[in-house]
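Mind docking chain B on chain A? Use the hints.
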Amino acid sequence: MPESILRFENVTVAFDGTPAIEELSFEILKGEARIIMGAAASGKTVILKTALGLLRPDSGRVFLFGEDITDRKERQLFDIRARAGILFQEGALFDSLTIEENVAYPLVNQKMVKCPPQEVRPRVERALTFVELEHTLDKVPSELSGGMRRRVGIARANITQPDLVLYDSPTAGLDPITANNIMTLIVKERDMRHATTIIVTQRLQDGQILAQYSYNPATDSLDRVPGEIEGIGFLVMKEGRLVFEGSAKQLRETRDPYISKFVLRH
Amino acid sequence: MLDFLKPPVLTIQEFVFLAGRAFRGMSRRPHYPKDIVLQMDIIGVGSLPIVLLTGFFSGIVMALQMSKALQTYGAVNQTGPIVAITLVRELGPVLTALVCAGRNSAGIASELGSMKVTEQIDAMRALGTDPIQKLVKPRVIATAVMLPCLTAISDFVGMLGGYIIAAALLHQTTAEYWNASYRILEYSDIVQGLLKPFVFAFVISLVGCFYGLRTRGGTQGVGLATTQAVVAASVWIFVLNTLVTKIFVSI
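These protein sequence lines map, in sequence, to chains A and B. For the first sequence, the positions run 12 to 277 when the numbering used here is used. For the second sequence, the positions run 391 to 641 when the numbering used here is used.
Chain A with its partners taken away, still in its complex shape:
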């Protein structure tokens, strides 16, 4: 039985008494991927933040890497968070730091990641080369386009080679070409490191790429796989509640009026 990476048990998170997610339960095992879909304000981002202990549940339990993090204090969470990487919605790069400093941040600041100072720069260069932005080391985030900032965010999320990577709307607001490039990087990262991946998106296309394509190192591109990749699941959220959990095929075949409308629209 593969290791449980993330488990939500009847989790409710509310803001000012209004639930953002309600009685949510799901589990993701090592090497699997989940695509969380839903309309705006359906609680998708809240799931990711709760998974890392950035938000505390009002009820229910959250298990990260098999450990109950629900009631842990902030200082006790740092070590376990070091095993996960996250790309925030707009990248959330530190605007007072250079791109090099941004990408190096987890290496320098996470105690669990014991990276010798002389290895920081080569690792940053490798991470930025992976996202094809090795020429931006000395720039600041405001000098980059939205798509480039997301790519830097991907480099920062993956530089410590975490066991779990969370992507919050990595393609939102981007043109289709840039969005596909970003998805290619995410698939490449998943297939090269076999990291457990959770992606929040409003585009069904992003989920399909993750479920139906794999990275081919020989051609440096994505190849369509016959059928679907195992261990890829879709979760559809509606007003804080989980209304669908299943495979891409089950999602396409669903008769639920809300989900099918959502799927067709995207």
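Be aware that one or more of the hints could be misleading.
Unchecked claim - List time: in silico DSS-like cross-link candidates among lysine-lysine, alpha-carbon distance up to 27 Å:
1) A:260 to A:272
2) A:125 to B:524
3) A:84 to B:396
4) A:150 to B:424
5) B:524 to A:150
6) B:524 to A:84
For the record, the hints were derived by calculation from the structure and aren't laboratory data.
This is chain B only, laid out in the frame that chain A set:
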């Protein structure tokens, strides 16, 4: 009635929690000395021009007003001592703190507020940094060190302003003015004049950090947090000034 009281009580509770975490973190590692020095530069050196101007002109105005009133009693030579006592005990600390509240509480709230709404605070937490240690602690330490220094400078340039009026319009000699000013000041005045900015420093920095870190929404939220920080810090400066003055008057 209870519903009406809930929000302010919750706000105070959250503020006390933040202050508690900031004070607990003072002795904990990491200490981020580079950030402390950077903040000392921004808060201390950055505020110097406006503090100099405010202090200088308050001294001038004080001297002008007092000399007019003292003329009635034939005690114009007491202008220096009155300017010195008023500046060191009250005007220096309060005016400097208000100027710094307007400049630094607003600056801290808007900087941290922008970081909050762009998820940089969450990113910091996710990447292994405690925002209280990294952002709040350096600002509190920097303000606590720099505000008493700024107040001392403000007091001095205020007295200098008073001296210019005394020398130019009241025909006092340099020795007359400075000797009288120096002799009137007691040890307790200096302690009071430096203790007040030390207390106000915590208000200015913690209130700025508090409103910045609880910013919600987009740019509108940042604007609101900035305004709230300045208003709250200014009000608390007056309240705490009254309390500290009462304690020193009682002593």
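Here's how the hints hold up against the structure:
1. A:260 to A:272: holds, 16 Å
2. A:125 to B:524: holds, 20 Å
3. A:84 to B:396: With Cα atoms ~25 Å apart, residue 84 of chain A and residue 396 of chain B stay inside 27 Å; holds.
4. A:150 to B:424: Cα-Cα ~21 Å, so holds.
5. B:524 to A:150: holds, 23 Å
6. B:524 to A:84: holds, 17 Å
In summary, this structure violates none of the numbered hints.
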